[in-house]
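Asks: Letter by letter, the chains look like this.
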Amino acid sequence: MAARPATPASPKNHKVRAAQPGQPMYGCEHLQRLFNQDQATTNTSIQHYKAILRSIFDMTPLIPQTAKAIDGQIVTSLTPTYLCLQCPSTLTEEDRTKHGSKKSHRFYVDSRSGSLYCQMCDDLVWDPTFEELRLKKLGTGTFSNRKRKHEELFETSDPVRDNPTYISSNTTAASCKANGLRGIYNAGATCYQNVVLQSFLHNPILRNYYLSDGHSSGNCEMPHCLSCAMDDMFQDFYALENTNGYTAANILSGFWISEKKAFENLVTTKEQDAHEFFQFLAEELHERNGDGQKPESGSEHSCNCIIHQTFYGKLQSATTCQNCGGVTNQVQSFLDLSLPLENLGQKKGKKGSSRQTGSLTLQECLDEEYIKQDKCEYRCNKCSSMQQARRQTSIKRLPNVLSIQLKRFEYKQGRNERAAKIDTPVQFPLQLNMLPYTDRARTPDAKENYELARSCTYDLLSVVVHVGEIDTGHYVSYCRVGDQWFAFNDHKVELAQKSDVLNSRAYLLFYIVRSLS
Amino acid sequence: MSSETGETGKAGIIVAAGDASPLDKLSHAVVDDLIYNTLHDLLLKVHRDEKIARANTAAIKVEKLAMNAIDGATTDPKPDVEIETDAAIYKDGKVTLKGNPLKSTKEILCPRCHLPRLLHPTDGKGSRKPDPGVIYCKKHPYIEKPGYDIYGQTWVAPGPGRGKKKKDQKLDPNDPSSPAPGAEGSAKDRPPNVLSFPSATCSKCKRCILVTRLNNHMGSCIGNSGRNASRAAAQKISNGSNGGSQNNDNTPPGSQKGTPLPGSRAASPRKRDGDEFDEDAEESDQNNPKKKKAKPNALTKKVILKAKSPATPGNLKKDKPKGSSSLNVEQKVDDDAKDSTVQVAPKKPTPNPKAVSPAKKIKLSKPPLPSPAGKKGKRDRDMESESSGTLSSPPR
Chain A
275 MAARPATPAS PKNHKVRAAQ PGQPMYGCEH LQRLFNQDQA TTNTSIQHYK AILRSIFDMT
335 PLIPQTAKAI DGQIVTSLTP TYLCLQCPST LTEEDRTKHG SKKSHRFYVD SRSGSLYCQM
395 CDDLVWDPTF EELRLKKLGT GTFSNRKRKH EELFETSDPV RDNPTYISSN TTAASCKANG
455 LRGIYNAGAT CYQNVVLQSF LHNPILRNYY LSDGHSSGNC EMPHCLSCAM DDMFQDFYAL
515 ENTNGYTAAN ILSGFWISEK KAFENLVTTK EQDAHEFFQF LAEELHERNG DGQKPESGSE
575 HSCNCIIHQT FYGKLQSATT CQNCGGVTNQ VQSFLDLSLP LENLGQKKGK KGSSRQTGSL
635 TLQECLDEEY IKQDKCEYRC NKCSSMQQAR RQTSIKRLPN VLSIQLKRFE YKQGRNERAA
695 KIDTPVQFPL QLNMLPYTDR ARTPDAKENY ELARSCTYDL LSVVVHVGEI DTGHYVSYCR
755 VGDQWFAFND HKVELAQKSD VLNSRAYLLF YIVRSLS
Chain B
784 MSSETGETGK AGIIVAAGDA SPLDKLSHAV VDDLIYNTLH DLLLKVHRDE KIARANTAAI
844 KVEKLAMNAI DGATTDPKPD VEIETDAAIY KDGKVTLKGN PLKSTKEILC PRCHLPRLLH
904 PTDGKGSRKP DPGVIYCKKH PYIEKPGYDI YGQTWVAPGP GRGKKKKDQK LDPNDPSSPA
964 PGAEGSAKDR PPNVLSFPSA TCSKCKRCIL VTRLNNHMGS CIGNSGRNAS RAAAQKISNG
1024 SNGGSQNNDN TPPGSQKGTP LPGSRAASPR KRDGDEFDED AEESDQNNPK KKKAKPNALT
1084 KKVILKAKSP ATPGNLKKDK PKGSSSLNVE QKVDDDAKDS TVQVAPKKPT PNPKAVSPAK
1144 KIKLSKPPLP SPAGKKGKRD RDMESESSGT LSSPPR
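Taken in sequence, the protein lines are chains A and B. Residue 362 in the working numbering sits at position 88 of the first sequence, with consecutive numbering throughout. Residue 1091 in the working numbering sits at position 308 of the second sequence, with consecutive numbering throughout.
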C-alpha cells in the first residue's frame, strides 16, 4: 500500500511534498502511518479534518466547546476540548486518554485553534498537509485555491516565471539579513515622509508588487518617477544587507519635482502633515502605475492599479427624504477613512465626569460615522423642494488595506483662529471587525455568518504617531513584521512591545485584511 | 468545564475565597479559564514555530547527507539513497521524521542558507556570547538595548560641538577632499557600531549633500524655495555683489504662489534649521567667496535642466531672462567644470558592479535587462555615497 497515487478524488493529500526540500513529509511518524495505510483512510482523515475545521470556524463555538464525557454528562467549557479525528466524539482533556485506549483513536483536534494533537507523541503535531488546510480555513474561510483578485493581477502567463530551474539559475537569493528593517534618515523635517514610507515598506501587498517587478525602474522611461524611486527603495530594503539608515534621496527629489497642484503647499522644506503626504504618494503612485486618469475623490472612479487595489474601498451613502420617503444612493470611492474626534470627545466629556479622562475607542468613532444616521438638508427630486433628510453612510466595499486617519486637530473659533491638536487618547484594537460598518451588516443573517465576519476582520499593520504641537513636532511609526512590532524613529529601528503600540496616540492607522496575512 | 464545580478554572491562578458567593466563584472560574486560554494560545504559537523550525532542520540535515551521498550530479527526483539520522529518514526522495523533533533536534538551521541560526542576541537584553567557531546565519535575533537599534547600532549625536565641526567640513562642496569627511575624520576613533550620518547625491546638481540637509538643499536646488535663491540672485544682479540681500527673511510678500507666509520661518520653533540657514548666509558673506557663486549656480542649473526636460515647465518664464544674463552663464560653465572634477571623476575609477547586482537580487532577472546606463549610474552613485558614511572606513 505504499503507492500514493494522485487520485483526482483527493488531490489535497498528495501535495508536492517531494518538491519542498527542507521540510518533512508528515508531522510525525504516527501520522505517516495513518496516511500510508490506504487511500481510503487518507481520504476520510482529511475529510474529517475539514469537517472539524468547518465546525470550529464556521459555526457558533458552542458546538465544538461542548464535550460528552464518558459517563454521559454533557459539559460545555471555555477551555479547549478535543475533537476526535477518527470518530465524531468531542472529549475533554481528561477523557481523551480513555477514549484513545478504548477505541485506539490517536489523533485529536484542539477545539479553539484547530491544531492537531497526537496521543502517541503526546504532543501537538504540525503536519504540512493539515496545517495547509487549517491556515487556508483561518485565512480565506475556504479550502479551495481560489485566488483573490489582486493576486490574479500579478499572475502573468509568463512561462519563464513558472520554471523553478530558470529562476534559480538566473537569480541569487537575497541575504537572510535583508529583511526590510531599516530606518530612513531625516533629510531635514522629513519625518512626515519617513513614517508613510515605512508603512508602505511593510505593507505586504505593496512589497510583493514591487519585489515581483510590478514597476521596474529599469524599464521606466519617466524621469524622476516616484514609482521607480519606490522600486529602488524596496530593492534596497529587501535585497541589501545594509542595516544602516536609508537615504530616500530619489523619493525626495521626485517629491520636489512633482507638479501636483493639489499638493503645492506640501512641497516645502517645512514640517508637513503625514496624512497629506500619504494622499500625495498614493495619487502619485496611482498615476505612475494606473490608467493615468486622475482620481477624483468623491467619484466612483476605480482602476486596477496597485494603489487602488490596496487602499481604495467604496462608501455608500443612502439619503432618505423625510417627506416622501424616497431613498437616493450615492457611491464614492475612498482612499482612507477620516474620523473626527472633536464632537465625540466633547459628547463623551459631558457624560463622563471630566473632559480630560474621556478616552475614546476606535469603534466608537466608527459607530458615529458609519452606523448612526445624521440629518441633513437635501433637495428631493420627487418633492422637488428642499427637505429634511436622513443620511446614512456605510462601507460598500472594504479595501485590502484600510487606512484610518484620526482627525487630531480642530479649529478654534475666536480672536485668533488657529488649529489646535486634540490629544484625546483613542484606543484601537490589534484586530478590527469592520462588518458592522458595511452595508452587509444590515442583512439579517450577517450576525450568524462567521465566514462573512472573518472576511471583514482586519489586523493592525502600522501606526503613525505624532508627538508635539500642531505646528511642530515629530512623527514616529510602528510597523508589524510577522508578529513582531518595530518602532521606527527616522533612522532608528527598535523593538516595540504591543503595549507600546496600543498606548500610542495614533494619528494614522493601517489595517490589513486578515485573509491576506 | 470546571466552572460549575470548583472555585477556580483550569489554570488555577484566580482562586475565589472559600466562603465566596456562588456568583463570585463562577466569575473567578471564568476569568481563570480565560487566562488559561490566553496562555494556551501563546504557548501554541511558540510551540508551533519552534517545532516546525526543528522539524525542518532535521529534514535539511538529512537531505544534505543524502545529497552528499548522491554526489550531486543526478537530477532524478527520487534518487536511490537511504539515509537515516537521529531525527529523520531520507528515502525515495522523501523525508520523514523519526521521533519528536523537539527532543531529537537541538539547533535550528535557516531554511534558506542552511546555516545555524544564532538563538540569542549578541548584546543587550538576554544576550549571550556566540560561539566564535560557528558560522551563523546572518539573520540574528534583534537586540534590545537602550540607546541602540535592533542591530546594536548607534549614531553619532549631532550635538552642538560635533555637528558644527562636521558641517564646517561639509560646507565646501567644491573642495575635492570633502565628499565624505564625516566618515573619514572621526571614523577611526569610533567603535564600528557607531554610525555617522551619510551624504547623498542630489539628483539635480549631483552634489554630495549631508543627508540632514538634503531637504533644504533640494528645496533650493529643485523646488519652490528655489525662488528664494533666484530672488537673491536677481537682487544680487541688480545690487551688484552686495551679499547682504541673501537673507531669506526679507522676502517681498506677494511674490509667492503657494509657499507659507514668510514670517513662519522666523516664528518657527525649529531653531536648528533656522540657525543653519543663517550661518550659511553669514559664512558665505564673510569668508567664502565661492559660496556666492554657488547660489546663482543653483539658478542657472535649474534653467538648464528645465530647458532639457519638458516634464517640468513650472516657472520657466520667470527665470529665463535672468538665466540668460552673461554673468550667470559664465559661472555656470565654471562651476560645472568644478563639479565634474569633484563628483564624477573620483567615482568613475570605482565602478562598483557589486552594488548593482544585489539590488536586483530578489527580482527575476530577465536575460537582457534593459536598464538605461544613466539610471544605473545614478543609483550606483547614490549607494556609494550612502555607504561611504556607513562603513566607517574611508571610501577610497
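These aren't lab readings, by the way, just hints derived from the structure by calculation. A few of these clues could be false.
Claimed, not checked - Each pair of labels, with its calculated beta carbon distance range:
| hint | chain 1 | residue 1 | chain 2 | residue 2 | range |
| --- | --- | --- | --- | --- | --- |
| 1 | B | Lys-908 | A | Glu-550 | 49 to 55 Å |
| 2 | A | Thr-635 | B | Lys-928 | 51 to 57 Å |
| 3 | A | Ile-645 | B | Pro-929 | 42 to 48 Å |
| 4 | A | Asp-345 | B | Lys-928 | 53 to 59 Å |
| 5 | A | Gln-771 | B | Leu-826 | 14 to 20 Å |
| 6 | B | Gly-930 | A | Lys-342 | 42 to 48 Å |
| 7 | B | Lys-928 | A | Asn-317 | 37 to 43 Å |
| 8 | B | Pro-975 | A | Ile-645 | 54 to 60 Å |
What the hints assert, rightly or not - Interface residues of chain A toward chain B, partial, derived using beta-carbon atoms under 10 Å:
| hint | residue |
| --- | --- |
| 9 | Met-299 |
| 10 | Ala-325 |
| 11 | Thr-353 |
| 12 | Arg-386 |
| 13 | Trp-400 |
| 14 | Glu-405 |
| 15 | Asn-460 |
| 16 | Pro-478 |
| 17 | Asn-518 |
| 18 | Gly-519 |
| 19 | Val-541 |
| 20 | Ala-592 |
| 21 | Gln-596 |
| 22 | Ser-773 |
| 23 | Leu-776 |
What the hints assert, rightly or not - Using 30 Å as the maximum straight-line C-alpha spacing, the simulated BS3-like pairs for lysine-lysine come out as follows:
| hint | chain 1 | residue 1 | chain 2 | residue 2 |
| --- | --- | --- | --- | --- |
| 24 | B | Lys-877 | A | Lys-410 |
| 25 | B | Lys-889 | A | Lys-451 |
| 26 | A | Lys-451 | A | Lys-342 |
| 27 | B | Lys-908 | A | Lys-324 |
| 28 | A | Lys-324 | A | Lys-451 |
| 29 | B | Lys-928 | A | Lys-772 |
| 30 | B | Lys-922 | A | Lys-410 |
| 31 | B | Lys-987 | A | Lys-342 |
| 32 | A | Lys-772 | B | Lys-908 |
| 33 | B | Lys-828 | A | Lys-372 |
| 34 | A | Lys-372 | B | Lys-834 |
| 35 | B | Lys-912 | A | Lys-772 |
| 36 | B | Lys-881 | A | Lys-766 |
| 37 | B | Lys-908 | A | Lys-410 |
| 38 | B | Lys-908 | A | Lys-766 |
| 39 | A | Lys-766 | B | Lys-922 |
| 40 | B | Lys-834 | A | Lys-410 |
The model shown is predicted, which means the values in this text are computed figures rather than measured ones. Every residue, glycine too, gets a C-beta built ideally from N, C-alpha and C.
Asks: All hints are to be evaluated individually against the structure, with a verdict given for each.
Replies: Now the hints, each set against the structure:
1. Lys-908/B <-> Glu-550/A: 49 to 55 Å: This hint is violated: roughly 38 Å between Cβ atoms.
2. Thr-635/A <-> Lys-928/B: 51 to 57 Å: violated (34 Å)
3. Ile-645/A <-> Pro-929/B: 42 to 48 Å: holds (44 Å)
4. Asp-345/A <-> Lys-928/B: 53 to 59 Å: holds (57 Å)
5. Gln-771/A <-> Leu-826/B: 14 to 20 Å: This hint holds: roughly 19 Å between Cβ atoms.
6. Gly-930/B <-> Lys-342/A: 42 to 48 Å: violated (58 Å)
7. Lys-928/B <-> Asn-317/A: 37 to 43 Å: For Asn-317/A against Lys-928/B, whose Cβ atoms are near 54 Å apart, the range 37 to 43 Å is violated.
8. Pro-975/B <-> Ile-645/A: 54 to 60 Å: holds (56 Å)
9. Met-299: Since chain B brings a Cβ to about 5 Å from Met-299/A, closer than 10 Å, the hint holds.
10. Ala-325: Violated: closest Cβ of chain B sits about 22 Å from Ala-325/A, beyond 10 Å.
11. Thr-353: holds (5 Å)
12. Arg-386: It holds, given that the least Cβ distance between Arg-386/A and chain B is near 7 Å, below 10 Å.
13. Trp-400: holds (5 Å)
14. Glu-405: holds (8 Å)
15. Asn-460: holds (6 Å)
16. Pro-478: At 14 Å from the nearest chain B Cβ, Pro-478/A fails the 10 Å test, so the hint is violated.
17. Asn-518: holds (4 Å)
18. Gly-519: holds (8 Å)
19. Val-541: holds (6 Å)
20. Ala-592: violated (38 Å)
21. Gln-596: At about 43 Å, which exceeds the 10 Å cut-off, the nearest Cβ of chain B leaves the hint on Gln-596/A violated.
22. Ser-773: Check failed: Cβ of Ser-773/A comes no nearer than 14 Å to chain B, outside 10 Å.
23. Leu-776: With a closest approach of 16 Å, the Leu-776/A hint is violated.
24. Lys-877/B <-> Lys-410/A: holds (24 Å)
25. Lys-889/B <-> Lys-451/A: Holds, at roughly 23 Å.
26. Lys-451/A <-> Lys-342/A: violated (51 Å)
27. Lys-908/B <-> Lys-324/A: The given pair, whose Cα atoms are some 43 Å apart, is violated under the 30 Å limit.
28. Lys-324/A <-> Lys-451/A: Violated, because 38 Å separates the two Cα atoms, which is more than 30 Å.
29. Lys-928/B <-> Lys-772/A: holds (17 Å)
30. Lys-922/B <-> Lys-410/A: Holds. Lys-922/B to Lys-410/A sits at ~28 Å (cutoff 30 Å).
31. Lys-987/B <-> Lys-342/A: Not OK: Lys-987/B and Lys-342/A at ~75 Å, beyond 30 Å, violated.
32. Lys-772/A <-> Lys-908/B: holds (17 Å)
33. Lys-828/B <-> Lys-372/A: holds (27 Å)
34. Lys-372/A <-> Lys-834/B: With Cα atoms ~27 Å apart, Lys-372/A and Lys-834/B stay inside 30 Å; holds.
35. Lys-912/B <-> Lys-772/A: holds (28 Å)
36. Lys-881/B <-> Lys-766/A: It is violated: about 45 Å lies between the C-alpha atoms, which goes past 30 Å.
37. Lys-908/B <-> Lys-410/A: Measuring from Cα to Cα gives roughly 36 Å; hence the hint is violated.
38. Lys-908/B <-> Lys-766/A: holds (18 Å)
39. Lys-766/A <-> Lys-922/B: Given pair Lys-766/A, Lys-922/B holds - Cα atoms ~18 Å apart, limit 30 Å.
40. Lys-834/B <-> Lys-410/A: This hinted pair holds, its Cα atoms lying about 20 Å apart.
Against the hints set out earlier in the document, violations occur for numbers 1, 2, 6, 7, 10, 16, 20, 21, 22, 23, 26, 27, 28, 31, 36, 37.
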